[in-house]
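The lines below spell out each chain.
2 protein chains.
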Amino acid sequence: MNFNQLGEFGLIDILTRDTIYKPEEVIKGVGDDTAVLKVDGNKWLLFTTDLMVEGVHFVLGYSTLRQVGWKAMAVNLSDIAAMGGRPAHAVVSLAVPPRLKPSDLVELYQGMKEACEVYKVNIVGGDTVGNPERLVLNVALLGEVMAGKAVYRSGARPGDKLYVTGALGASEAGLHLLRNPELPCPKEAADYCRKAHAAPIPRVDEGGYLAGCGVSSMQDISDGLASELHHICKSSGVGCLVRQVDIPVDARVRSVAEKAGIDAVKWALFGGEDLELLFSASREVEEKISDEYTGSETICYPIGIVTDGGGVRLEQADGKIVPLDRGGYDHFRERDI
Amino acid sequence: MNFNQLGEFGLIDILTRDTIYKPEEVIKGVGDDTAVLKVDGNKWLLFTTDLMVEGVHFVLGYSTLRQVGWKAMAVNLSDIAAMGGRPAHAVVSLAVPPRLKPSDLVELYQGMKEACEVYKVNIVGGDTVGNPERLVLNVALLGEVMAGKAVYRSGARPGDKLYVTGALGASEAGLHLLRNPELPCPKEAADYCRKAHAAPIPRVDEGGYLAGCGVSSMQDISDGLASELHHICKSSGVGCLVRQVDIPVDARVRSVAEKAGIDAVKWALFGGEDLELLFSASREVEEKISDEYTGSETICYPIGIVTDGGGVRLEQADGKIVPLDRGGYDHFRERDI
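Taken in order, these protein sequences are the chains called A and B. Residues in the first sequence are numbered consecutively from 1, following this note's numbering. Residues in the second sequence are numbered consecutively from 1, following this note's numbering.
Calculated directly from the structure, the hints in this document are not laboratory data. Computed from a predicted model, the values in this text were never measured in an experiment. Hints are supplied without guarantee of correctness; some may be wrong.
List of simulated lysine-lysine pairs, DSBU-like, C-alpha gap at most 30 Å [to be verified]: (1) A:Lys320 <-> A:Lys259; (2) A:Lys149 <-> B:Lys38; (3) B:Lys22 <-> A:Lys38; (4) A:Lys149 <-> B:Lys120; (5) A:Lys195 <-> B:Lys22; (6) B:Lys38 <-> A:Lys120; (7) A:Lys22 <-> B:Lys38; (8) B:Lys120 <-> A:Lys38; (9) B:Lys195 <-> A:Lys22; (10) A:Lys149 <-> B:Lys22; (11) B:Lys149 <-> A:Lys38; (12) B:Lys22 <-> A:Lys120; (13) B:Lys120 <-> A:Lys22; (14) B:Lys234 <-> B:Lys22; (15) B:Lys234 <-> A:Lys101; (16) B:Lys234 <-> B:Lys288; (17) A:Lys120 <-> B:Lys149; (18) A:Lys234 <-> B:Lys101; (19) B:Lys38 <-> A:Lys38; (20) B:Lys149 <-> A:Lys22.
To list a few chain A residues with every Cβ distance to chain B over 10 Å, as calculated [said to hold, decoys possible]: (21) Leu60; (22) Gly61; (23) Gly155; (24) Pro181; (25) Glu182; (26) Pro184; (27) Gly212; (28) Val245; (29) Ile247; (30) Arg254; (31) Lys259; (32) Ser282; (33) Tyr301; (34) Gly309; (35) Ala317; (36) Asp325.
Heads up, the beta-carbon is just placed ideally off N, CA and C, and yes, glycines get one too.
Sequences are here, hints too, so could you generate the full structure?
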């Protein structure tokens, strides 16, 4: 058995068996966007971590250090958002190659601090060590949510509608441009996609708002829409049917896809790290969402419906219904950008 | 300005300025063994993280993967111990080179789980990614302490006695054996030192007990006794005088030092990662400590006294009093084992 056969998720399943020694303090361990922990009082803690490796998750020169710092924080913020929580405190670990100067780390921290300022997160500790080859960053983030109010992957019910909070595929389009720098694209479209890849925006306010509305399940899109649909369906014990024509894709992503000779919807379905939220909601909740939210222009693009079994299915543009493979970004298999 | 001039601590000072955006939730940010955070209820949260890089912090073949896993957890547990807290929940990030097999990661996790079982810590999440060259592990650990009961580095007062919880220098002796595998040593002494380096024991129960007794300051010895004395004195605005003859050094460490032609007390003063606790206590507290503790044979080796200024000083074996440089292990400067 090797890593490719196991994949990231199979491996995690094996490693994280029997790791709970005080179950009375754990509402949710491994298996959702964050852990959910009991503490004294009326709140639950959310706890998550993400590791980024130079050359695997980012390339310096394509992303600035400031963007790398921002993104390291953003991917964790997105996990807290997906639980409906409020981010609070971060610790930051850096392994730094000798070619980087102190001013480089200041720039990296600047990006993290910008994200922390926007989302009101304290950086309260960390560890900084040397590493001969690559810059490695780990952020661990604590958040909180009112007791009983966390939103899991497991709450989707047949009949619920499925939504995403924004257009998809831009991060993958940016990654494509990174791999193919000579691709002739309209500058504005290329800039938009590059930025979406290098410095994505986590949907923190939206996640909190949606949780308050009572959405039934939620998770952030870090491994690709198809992969996240599988997670929600598996956790909830349901199936779903998604309509390809309803998946929102920005015109700038379509224009890059056209130049690349790739179907833009592939990027939207299988591209990672858009950091939008995927959620399900009952009909009653649906009305609340669209009527009341004022934090951004829209936060609900309906993309399909939760079904009673049937797996994860896609209604293609031609009307044909096909099974939709997970096929998303596997951080473990995908060793190099 | 480069890293060597700045050092680990100078760099951290620069990076972690202005990182608190919600000060009302932070009792203590960067600058102690862990952060201390307010939550609802009667408890404070402790939050810490440590990053370990293969070839920098450990060498496979010298340490087993199981020991590496144990140590990754132990160094964090030791930080919680130094605040007088109880460890609770961990998230684990791994960057894994392609030469490692899934069974290797199972072994690594086994070591972490052993530590978690002993100290009742839940592993509640993590991130596993690829890294071309080296195994990199990050553990972020949450703990808790009763509100108002955390023990800081800043509480030492002139007249307090200084103590350590156990003999020092064994980890550094183990590191010396790693660098000099041909050194002829008694097997039992070599095994003891190697194990102290590869799989040190964090003083979790002792830290909680000492906090309960009311010790005035505490921190774990991860960068060397001399370095930690400087931390406590600087944080507390005091000086100290340590007696060389009172610094506990195990006979097995002395025997390895003798073969190596090195003064064992140097390892005790400047060697990192013994994971014993250094603490200060007033005379009243002193009596409690020695009388009541039953968790291990002894937890208080008096090594000196806190003074009203005068810097960090050492009374050598010959009676001469000299300034004691920090000189400890700098994780940033020390790039390779």
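Now for the hints, and whether the structure bears them out:
1. Under the criterion of a C-alpha separation no larger than 30 Å, the hint pairing lysine 320 (chain A) with lysine 259 (chain A) is consistent with the structure, at around 27 Å.
2. About 20 Å separates the Cα atoms of lysine 149 (chain A) and lysine 38 (chain B), which keeps this hinted pair within 30 Å; it holds.
3. Proximity of lysine 22 (chain B) to lysine 38 (chain A) is assessed by CA-CA distance (about 22 Å); at most 30 Å being required, the pair is judged to hold.
4. This hinted pair checks out: lysine 149 (chain A) and lysine 120 (chain B) have alpha carbons roughly 27 Å apart, not beyond 30 Å.
5. Distance restraint check for lysine 195 (chain A) and lysine 22 (chain B): the Cα-Cα separation of roughly 28 Å lies within the 30 Å cut-off, and the hinted pair is therefore satisfied.
6. Of the supplied pair hints, the one linking lysine 38 (chain B) and lysine 120 (chain A) holds, its CA atoms being roughly 15 Å apart against a limit of 30 Å.
7. Using a Cα cut-off of 30 Å, the hinted pair lysine 22 (chain A) and lysine 38 (chain B) holds, with the two alpha carbons roughly 22 Å apart.
8. For the proposed pair lysine 120 (chain B) and lysine 38 (chain A), the alpha carbon gap of about 15 Å is at most 30 Å, so the pair holds.
9. Restraint check for lysine 195 (chain B) and lysine 22 (chain A): satisfied, since their Cα atoms lie roughly 28 Å apart, inside the 30 Å limit.
10. Among the hinted pairs, lysine 149 (chain A) with lysine 22 (chain B) is consistent with the structure: their alpha-carbon atoms are about 23 Å apart, no more than 30 Å.
11. Distance check on the hinted pair: lysine 149 (chain B) and lysine 38 (chain A) sit about 20 Å apart at the alpha-carbon level, within 30 Å; holds.
12. Between lysine 22 (chain B) and lysine 120 (chain A), the direct Cα distance comes to roughly 6 Å. Compliance with the 30 Å bound is thereby established for this hinted pair.
13. With a C-alpha separation of about 6 Å, the suggested pairing of lysine 120 (chain B) with lysine 22 (chain A) holds against the 30 Å cut-off.
14. Taking the CA atoms of lysine 234 (chain B) and lysine 22 (chain B), the gap is near 26 Å; set against the 30 Å cutoff, the hint holds.
15. Taking the CA atoms of lysine 234 (chain B) and lysine 101 (chain A), the gap is near 27 Å; set against the 30 Å cutoff, the hint holds.
16. Our distance criterion of 30 Å between C-alpha atoms is met by lysine 234 (chain B) and lysine 288 (chain B), whose separation comes to about 27 Å.
17. Only pairs whose Cα atoms come within 30 Å are accepted, and lysine 120 (chain A) paired with lysine 149 (chain B) is accepted, the gap being roughly 27 Å.
18. For the hint linking lysine 234 (chain A) to lysine 101 (chain B), the alpha-carbon distance of about 27 Å falls within 30 Å, and the restraint holds.
19. Proximity of lysine 38 (chain B) to lysine 38 (chain A) is assessed by CA-CA distance (about 14 Å); at most 30 Å being required, the pair is judged to hold.
20. Restraint check for lysine 149 (chain B) and lysine 22 (chain A): satisfied, since their Cα atoms lie roughly 23 Å apart, inside the 30 Å limit.
21. Non-interface status of leucine 60 (chain A) relative to chain B is upheld: no Cβ of that chain comes within 10 Å, the nearest being about 15 Å off.
22. With a least beta-carbon separation of about 18 Å from chain B, glycine 61 (chain A) lies farther than 10 Å from that chain, consistent with its non-interface assignment.
23. Every Cβ of chain B is farther than 10 Å from the Cβ of glycine 155 (chain A); the closest lies at roughly 19 Å, confirming the non-interface assignment.
24. Listed as a non-interface residue, proline 181 (chain A) keeps its Cβ farther than 10 Å from every Cβ of chain B; the least gap is roughly 22 Å.
25. Every Cβ of chain B is farther than 10 Å from the Cβ of glutamate 182 (chain A); the closest lies at roughly 25 Å, confirming the non-interface assignment.
26. With a least beta-carbon separation of about 32 Å from chain B, proline 184 (chain A) lies farther than 10 Å from that chain, consistent with its non-interface assignment.
27. For glycine 212 (chain A), the shortest C-beta to C-beta distance to chain B comes to about 19 Å, beyond the 10 Å cut-off, and the non-interface label holds.
28. For valine 245 (chain A), the condition that its CB be more than 10 Å from all CB atoms of chain B holds, with the nearest at approximately 34 Å.
29. Once the 10 Å rule is applied to beta carbons, isoleucine 247 (chain A) is consistent with being away from chain B; the minimum gap is 27 Å.
30. At the 10 Å boundary, the C-beta of arginine 254 (chain A) stays outside the reach of chain B, the nearest C-beta of that chain being 30 Å off.
31. Annotated as non-interface, lysine 259 (chain A) keeps its C-beta farther than 10 Å from every C-beta of chain B; the closest such distance is 30 Å.
32. The Cβ of serine 282 (chain A) lies farther than 10 Å from every Cβ of chain B, with a closest approach of about 29 Å, so its non-interface assignment holds.
33. Non-interface status of tyrosine 301 (chain A) relative to chain B is upheld: no Cβ of that chain comes within 10 Å, the nearest being about 28 Å off.
34. At roughly 29 Å, the least C-beta separation between glycine 309 (chain A) and chain B is larger than 10 Å, which holds for a residue marked as non-interface.
35. Listed as outside the interface, alanine 317 (chain A) is consistent with that label: its C-beta sits roughly 35 Å from the nearest C-beta of chain B, beyond the 10 Å cut-off.
36. At roughly 22 Å, the least C-beta separation between aspartate 325 (chain A) and chain B is larger than 10 Å, which holds for a residue marked as non-interface.
In this structure, none of the earlier numbered hints is contradicted; all agree with it.
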